[in-house]
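Whole structure, please, built from the sequences with the hints as guidance.
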Amino acid sequence: RMGSKKKKAQKNAAFKKTKLKVGKVLKKTNTTDSTVESRKVVLLTQLEEQSGSSTAVYSYRGLSLDNLCSQLGHYSKSVRKNAIVGAKQILTSAPNLIEAHLRTIIPAFARLISMTDTDAATHAQLKSLLELVCTVPPMSMSPHFPLFVAHILRGLTHSHESVRSFALTVIHLLLDTYPSLCRDNTDIFQTILHFINSNRKTSHSTRVLLDFVTSFLKIYDSDSAVVSYCVEVRLNTEDGTLSKRIDMCPATKHMDPFHFPVLTTSAAGASSSLFTSPETLLSLTQALSPLVARVAMENDRNLSEHLVRLLSLMKRGVERQPNKFMLVDFDERYAKACDPLLKAAKIPSMKDNKKVLAAIATLLQ
Numbered sequence: 001r002m003g004s005k006k007k008k009a010q011k012n013a014a015f016k017k018t019k020l021k022v023g024k025v026l027k028k029t030n031t032t033d034s035t036v037e038s039r040k041v042v043l044l045t046q047l048e049e050q051s052g053s054s055t056a057v058y059s060y061r062g063l064s065l066d067n068l069c070s071q072l073g074h075y076s077k078s079v080r081k082n083a084i085v086g087a088k089q090i091l092t093s094a095p096n097l098i099e100a101h102l103r104t105i106i107p108a109f110a111r112l113i114s115m116t117d118t119d120a121a122t123h124a125q126l127k128s129l130l131e132l133v134c135t136v137p138p139m140s141m142s143p144h145f146p147l148f149v150a151h152i153l154r155g156l157t158h159s160h161e162s163v164r165s166f167a168l169t170v171i172h173l174l175l176d177t178y179p180s181l182c183r184d185n186t187d188i189f190q191t192i193l194h195f196i197n198s199n200r201k202t203s204h205s206t207r208v209l210l211d212f213v214t215s216f217l218k219i220y221d222s223d224s225a226v227v228s229y230c231v232e233v234r235l236n237t238e239d240g241t242l243s244k245r246i247d248m249c250p251a252t253k254h255m256d257p258f259h260f261p262v263l264t265t266s267a268a269g270a271s272s273s274l275f276t277s278p279e280t281l282l283s284l285t286q287a288l289s290p291l292v293a294r295v296a297m298e299n300d301r302n303l304s305e306h307l308v309r310l311l312s313l314m315k316r317g318v319e320r321q322p323n324k325f326m327l328v329d330f331d332e333r334y335a336k337a338c339d340p341l342l343k344a345a346k347i348p349s350m351k352d353n354k355k356v357l358a359a360i361a362t363l364l365q
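The sequence shown lines up with residues 1 to 365 when you count with the working numbering.
These are computed hints drawn from the structure, not numbers from a lab.
These numbers come from a predicted model, not from an experiment.
Any given hint could turn out to be false.
[Stated by the list, open to error] Listed next, the in silico DSS-like pairs over lysine-lysine satisfying Cα-Cα at most 30 angstroms (straight line):
(1) Lys355 x Lys343
(2) Lys7 x Lys218
(3) Lys336 x Lys324
(4) Lys343 x Lys354
(5) Lys315 x Lys343
(6) Lys201 x Lys336
(7) Lys354 x Lys336
(8) Lys218 x Lys343
(9) Lys324 x Lys355
(10) Lys315 x Lys346
(11) Lys346 x Lys201
(12) Lys77 x Lys201
(13) Lys201 x Lys19
(14) Lys355 x Lys218
(15) Lys77 x Lys218
(16) Lys315 x Lys355
(17) Lys354 x Lys315
(18) Lys218 x Lys315
(19) Lys346 x Lys324
(20) Lys8 x Lys21
(21) Lys343 x Lys201
(22) Lys81 x Lys218
(23) Lys324 x Lys343
(24) Lys81 x Lys21
(25) Lys127 x Lys201
(26) Lys19 x Lys7
(27) Lys21 x Lys40
So, in structure tokens, the structure goes:
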């Protein structure tokens, strides 16, 4: 009986009317309650990396360096320009990131050199960005240098004049910043030699072009660039002594541990040095003589000092060439390569430019 009463009460519970209290508002049965209740943990201090490394650096748009490097390959030039500005901001505020991220930075930045839709303002921003990258020491840049140079030389041989002009600016920066790395790269020498021979126009002035060629010759004007294939030694037959010590093993204390001739196009700098191969010196003289003669015939007194400096470097290359004996007709071919300079010196308008005439005469001696 008690069980039947309990079952009856449960059956009528669905139809039981709820008693209302005064002031209580019932919820509507046809609406859904979307409120969410949750608990939160409040930290009194910011989380710090247990490894002790520096926190991530972001640009003014809240992007990391990796995000900006990926945006540098975007098809929109406005996106690329904003990415350049952001990357410059990050690397200026945190220069320590440059050396640590060269593997990402070099491909992302260098590929912009050959972009044909880049305006002058973006080129200026990119130049300042590459100047920041070139602040790393040569030993750190060495593993990434061949890829960096490949992008620059591609721009130097580009069909667009604006691309060639900007590539010339960047390779000039490398010549002044990393002379030893440039000297050991044969591709740089061959491409610049082809660039001078091709007479392709750039937006740079003649003064800038002469400064570029001068910087190019300066990287070979050092004692480390002189490699002689002939060593003169006197042997005393009485006591068996030599006049000087012969070291058959090259010094390794300044060698680059990342330089492997099998993996790179450089032949340890031997074939690229003006003071090693007489054939290389003749090719350069043959390429530079028409350029110097053309500038000299313009008779611009403001360029006289630049011409004299360039001619003196060419003369030093001949004087410090220890391997001329390898070519029997070296003197004859050298004189033929200097014919444009000789013709320019005979022009009547050159008589008043005594400094340049004296430098040409010294070169031809």
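Hint check results:
Restraint check: the Cα-Cα separation between Lys355 and Lys343 comes to about 16 angstroms, which is no more than 30 angstroms; the hinted pair holds. With a C-alpha separation of about 107 angstroms, the suggested pair Lys7 and Lys218 falls outside the 30 angstroms cut-off, and the hint is violated. A distance of roughly 16 angstroms separates the Cα atoms of Lys336 and Lys324; the hinted pair therefore holds under the 30 angstroms criterion. Restraint check: the Cα-Cα separation between Lys343 and Lys354 comes to about 15 angstroms, which is no more than 30 angstroms; the hinted pair holds.
Restraint check for Lys315 and Lys343: the C-alpha separation of about 18 angstroms stays at or below 30 angstroms, so the hint holds. Simply put, Lys201 and Lys336 have alpha-carbon atoms about 26 angstroms apart, close enough for the 30 angstroms limit, and the pair holds. Between Lys354 and Lys336 the CA atoms are separated by roughly 23 angstroms; this keeps the pair inside 30 angstroms, and the hint holds. Between Lys218 and Lys343 the CA atoms are separated by roughly 26 angstroms; this keeps the pair inside 30 angstroms, and the hint holds.
Restraint check for Lys324 and Lys355: satisfied, since their Cα atoms lie roughly 28 angstroms apart, inside the 30 angstroms limit. Taking the CA atoms of Lys315 and Lys346, the gap is near 20 angstroms; set against the 30 angstroms cutoff, the hint holds. Between Lys346 and Lys201, the direct Cα distance comes to roughly 27 angstroms. Compliance with the 30 angstroms bound is thereby established for this hinted pair. The suggested pairing of Lys77 with Lys201 holds, with an alpha-carbon distance near 25 angstroms, which does not exceed 30 angstroms.
Restraint check for Lys201 and Lys19: the C-alpha separation of about 97 angstroms exceeds 30 angstroms, so the hint is violated. In summary, the hint linking Lys355 to Lys218 is supported, as the alpha carbons are separated by about 21 angstroms, within the 30 angstroms threshold. Between Lys77 and Lys218, the direct Cα distance comes to roughly 37 angstroms. Violation of the 30 angstroms bound is thereby established for this hinted pair. Note on Lys315 and Lys355: the hinted pairing holds, with a Cα-Cα distance of about 15 angstroms set against a maximum of 30 angstroms.
At most 30 angstroms may separate the alpha-carbon atoms for a hinted pair to count; Lys354 and Lys315 meet this at roughly 17 angstroms. The straight-line distance between the Cα atoms of Lys218 and Lys315 is roughly 12 angstroms, inside the 30 angstroms bound, and the hint therefore holds. Distance restraint check for Lys346 and Lys324: the Cα-Cα separation of roughly 28 angstroms lies within the 30 angstroms cut-off, and the hinted pair is therefore satisfied. Under the criterion of a C-alpha separation no larger than 30 angstroms, the hint pairing Lys8 with Lys21 is consistent with the structure, at around 27 angstroms.
At most 30 angstroms may separate the alpha-carbon atoms for a hinted pair to count; Lys343 and Lys201 meet this at roughly 24 angstroms. Of the supplied pair hints, the one linking Lys81 and Lys218 is violated, its CA atoms being roughly 34 angstroms apart against a limit of 30 angstroms. Under the criterion of a C-alpha separation no larger than 30 angstroms, the hint pairing Lys324 with Lys343 is consistent with the structure, at around 25 angstroms. Distance check on the hinted pair: Lys81 and Lys21 sit about 68 angstroms apart at the alpha-carbon level, beyond 30 angstroms; violated.
For the proposed pair Lys127 and Lys201, the alpha carbon gap of about 20 angstroms is at most 30 angstroms, so the pair holds. Restraint check for Lys19 and Lys7: the C-alpha separation of about 22 angstroms stays at or below 30 angstroms, so the hint holds. For the proposed pair Lys21 and Lys40, the alpha carbon gap of about 35 angstroms is over 30 angstroms, so the pair is violated.
Hint check: violations occur at hints 2, 13, 15, 22, 24 and 27; the rest are consistent with the structure.
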